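> Here is how the chains run, residue by residue.
Number of protein chains: 2
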Amino acid sequence: MAIRLSTLDADFETRFAELLSGKREVSEDVDHVVRDILEDVRKRGDAAVLDYTARFDRLSAASMAELRVTEAEIEAAMKAVPQEVLDALSLARDRIESHHARQMPKDDRYTDAVGVELGSRWTAIEAVGLYVPGGKASYPSSVLMNAVPAKVAGVERIVMVVPSPDGDLNPQVLAAARLAGVSEIYRIGGAQAVAALAFGTETIAPVSKIVGPGNAFVAAAKRRVFGTVGIDMIAGPSEVLVVADAENDPDWLAADLLAQAEHDEVAQSILITDSADLASAVEQAVERQLKTLPKAAIAGASWRDFGAVIVTRDLDEAMPLVNRIAAEHLELAVADPEALLLKVRSAGAVFMGRHTPEAVGDYVGGSNHVLPTARSARFSSGLSVLDFVKRTSILKCTPQSLREIGPAAIVLGEAEGLAGHARSVAVRLNL
Amino acid sequence: MAIRLSTLDADFETRFAELLSGKREVSEDVDHVVRDILEDVRKRGDAAVLDYTARFDRLSAASMAELRVTEAEIEAAMKAVPQEVLDALSLARDRIESHHARQMPKDDRYTDAVGVELGSRWTAIEAVGLYVPGGKASYPSSVLMNAVPAKVAGVERIVMVVPSPDGDLNPQVLAAARLAGVSEIYRIGGAQAVAALAFGTETIAPVSKIVGPGNAFVAAAKRRVFGTVGIDMIAGPSEVLVVADAENDPDWLAADLLAQAEHDEVAQSILITDSADLASAVEQAVERQLKTLPKAAIAGASWRDFGAVIVTRDLDEAMPLVNRIAAEHLELAVADPEALLLKVRSAGAVFMGRHTPEAVGDYVGGSNHVLPTARSARFSSGLSVLDFVKRTSILKCTPQSLREIGPAAIVLGEAEGLAGHARSVAVRLNL
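Read top to bottom, the protein sequences are chains B and Y. Basically my numbering = 1-based index in the first sequence + 1. Basically my numbering = 1-based index in the second sequence + 1.
Honestly, the hints are just simulated from the structure, not real lab data. Here the structure is a predicted model, which is why all the values come from computation and not from measurement. Wrong hints could be hidden among the right ones.
Heads up, the list lumps identical chains together, so a pair's fine if it works in one copy or across two of them.
Unchecked claim - When the alpha-carbon atoms are kept at most 25 Å apart in a straight line, the in silico SDA-like pairs for lysine to any residue are as follows: (1) Lys80 to Gly116; (2) Lys80 to Ile4; (3) Lys107 to Phe57; (4) Lys80 to Met320; (5) Lys344 to Ala298; (6) Lys44 to Phe17; (7) Lys107 to Ala125; (8) Lys24 to Glu405; (9) Lys44 to Arg289; (10) Lys24 to Ala62; (11) Lys107 to Leu87; (12) Lys44 to Asp30; (13) Lys24 to Glu127; (14) Lys24 to Glu40; (15) Lys44 to Glu318; (16) Lys107 to Thr124; (17) Lys24 to Gly201; (18) Lys292 to Pro207; (19) Lys44 to Glu157; (20) Lys107 to Asp95; (21) Lys344 to Pro207; (22) Lys44 to Thr229; (23) Lys344 to Glu248; (24) Lys107 to Glu118; (25) Lys80 to Pro134; (26) Lys44 to Arg25; (27) Lys80 to Ser184.
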C-alpha cells in the first residue's frame, strides 16, 4: 500500500520533501571495473570485446564478425514475429516518424543592421550507437524510439548493440531494428559494447554519439566516454504522476498507476487529487487489479515501497507540487487539462485528459518515450531529433562591417590581456 | 615551429591521424578529491564551502553571506572599468542578445489525421549556475556568452560563482555580470562551488543546471553532479583551423593563428592551404609576429608543440580533413567561402571570408564563443538558448482517437510482457 499524504497534515511539507529526495536506486559502485574494461577495449579492440562477451554473456565467438547479426537472422526474426505485432510496430514507427519530422530545426541566415551576416546551420551526426539492453528490458518499442529520430535527423549509420546472454536474442528487437532502419547490429553489451562504439575496434568503426538505456555498467561507461562521444541522458527508474479531479473512474487511474509500477520494483507511481474519496477508491482499485496482474509481484512492490497518494484542497494547490516532482510522465485526468497545462513548468511528457493513458505514449502516440527521469525534467527534455543533429554557427564580416564592430573587439581583446586577439582585428583595419 | 604536413607525403595519413589523436591535455586524476569535497558540501553546506574557500583560495569569511558580492561592490566595479570597455561590453551584450533571441524554439501543437493531438511546449529552466574561473581565464566576455543566452531563454535566477584567490576579483567580470543580468554572485570556486550550486546550502538555493568553464576540479565536479543537475559540455583547450587559398595576406592569417595560440600552451592552431608558398609565408609571419606579442611565451609554445601547417593539392582535398578535425573554430579565408561551407560537416563555428577573424566571434559578432572543443563538434553544438530551455511533449486522445491507435498499443504492451500497459488502454475501450 502506497503512502497517503494530505496538504492538510501539519507535517505535509516534511513528508513531501522526503518523497522528493527519496532514493529509489542504489547506485552500484562499478566505476573501477568499468574503467578497466574501457581501457582494455581501447587497447585490445575486438579481442577484448570477445573476451568480455564470453565471460559476461556466456557467448563464445572466434571473431567479432561472428557476433554481427546477419541479414538472414533479421529475416528470420521478421518471420518469427506475429503479423499483428509487426503491424503495430509499423504503425508506431510511422507515427514516431511523422511527429519527429516536425522537430527538424531550420537553418537561419541573415544580415544585421551593421552588415554582419550571421547564421546557424544544422547537420546530422554521421554515426550513432544505440544500446539495447538484453533480458527483461529488451523492448522493441525502445528500439523505435531511439532509432527513428536518428533516422529522421539524417544519421547515416546507426549501430545497434544488444547483449544476447547465452545466445538469446529477442526477435521483436531485431524486427524493430529492421523497421527503424538500423545499419549494423552486434550481439554485444555492457561496458565493453559502449567502449567498442566509442573507441572503435578492428571490426566496428567508432560512432560519435551513444544513446539508449542500460544497467549500472552501461551507465558508468557512458558517463566515462562522455566527451570522446556524445551521450544521451543517464536514465533512472520510470515514474508517473497522475493529477485527477473527482470525476474519474478509479479503475482507469489504478490501471495507469500499475502500468508504471509493473516496469520495475523501483518505478514510482503518484496520484494527486483534490478528492479524498477518489483517492480511497483508487487505492482499493489498485489492490483489486493487483490480484490479476501478471507482474503483480513487481508492481505490488513498487506501489508499496514508492507509491504515493496526495490529497490537496484543490487542483491549484496541486500544481506547485507537480512542478517540484518534475515527473517523467504527467497525466492530467481532469475536466480542463488545458488550464492546468499552462501551470506545468517541469514534466517530461503530459498526457491530457481522461482518455490519454500514459501507455499510449509508450508505444503509438508518436511522441518519444525516452524522457527525463528522477526530477531531471527540471533541466532536460525527452529524446528528439535535436539529439541527433548539431549546429554550426556562421559569422561573415565585410571590410565595412568589420570596421563597424571590429574596434570594440580590439578594446575587449586588450582589456582581457589578449593582444593577439586585438591584433588579428587591427591588422585588417590598418589600425 | 609548427609541424608541416603535405598530402603529397607518403606518410601523410599516418601523420594526420597522429595529429588528430594527439592528446593536448593531461587529465589530472582529481576524482577522489572531488568526490570527498562534493560529499562534504552536501552534508555540511555553508560550513564546508567556507572551509574549502579558506584553504584553497586563502579567503576567510565568517559566513557565506560575507562571500556574496554586494550591490556596492558591483557598483564600484562598474566605476572601475574604463568607459570604453563598458561600451564595448554593452555592444557585445546587445549583439549576443539579438542573435540568441532568434534561437528561441517555438511551441508546436497540432491534430493528426486520426484525431490525436500532439505538441511540444518549451519552458525556461528556473535557475542556472554560472561558473567563472578566477585568475588568467577570468574573462568578462565569457560571462556575457554564458549569461545572456540564459537571460534570453527566460531563466529567472542566474547564480554566478567566481573564486577570488586572496580576495582578488576582476572588476570587468562583475561589470559583465551586471550588464548580463546575473542575479546573485558568490566569491567561491572549485568543486565546492559546483557542489553548492548543485545541492544547495543554507545560503545558496540549488540551481537546476550549471554552465561555464573551469579547471580539472571543476570539470570533474560537473561530471559527477551531472544527473542531479544539468551541465554544459566539458570544455577542452581552444583550437582554430584556418583554411586559406593563395590569395591571402600572410600577416592576417599569422595573427589569427597566434590569437588562438596565446590562450594557452595547449591551444592548437592549424593552417590548411593549397599553396605551399603561402604556407611558408605564414610560418615566417608567425615567427615575426611572435617577437612583439606580449604573450609570446604561451603562443610560441602552443605553436611549437601543437601548431600544424598542412598543404593540400587543392581546396577540395582539404574539406574531408576539415571534417575529420571538426574544429571548434574554422576560418574559411578563401575567395568563395560559401562553396566550401556547403562541404563543412563538423565545426563549432565558421568564420567566412578574409575579413572575419575569429576574434570577432570571441567578442562582438553576436554568435556564442562557447563552442565544442577536442573534435566534439562531431556530435555537439555551441552554447545557445536551447541549453537553457526544456521541452515537454504533449499527447491528447479523445475517446475516438484512442479507439484508432489504442488497439496497437494493447498489442505491443502484450508483446512486451507488460499486461498492465495493455490493460490501461483496454479498460478505456471496454475491451
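> When the hints from earlier in the document are held up against this structure, which numbers fail?
As far as the earlier hints go, 1, 2, 3, 4, 5, 8, 9, 10, 11, 15, 18 and 19 are violated by this structure, in ascending order.
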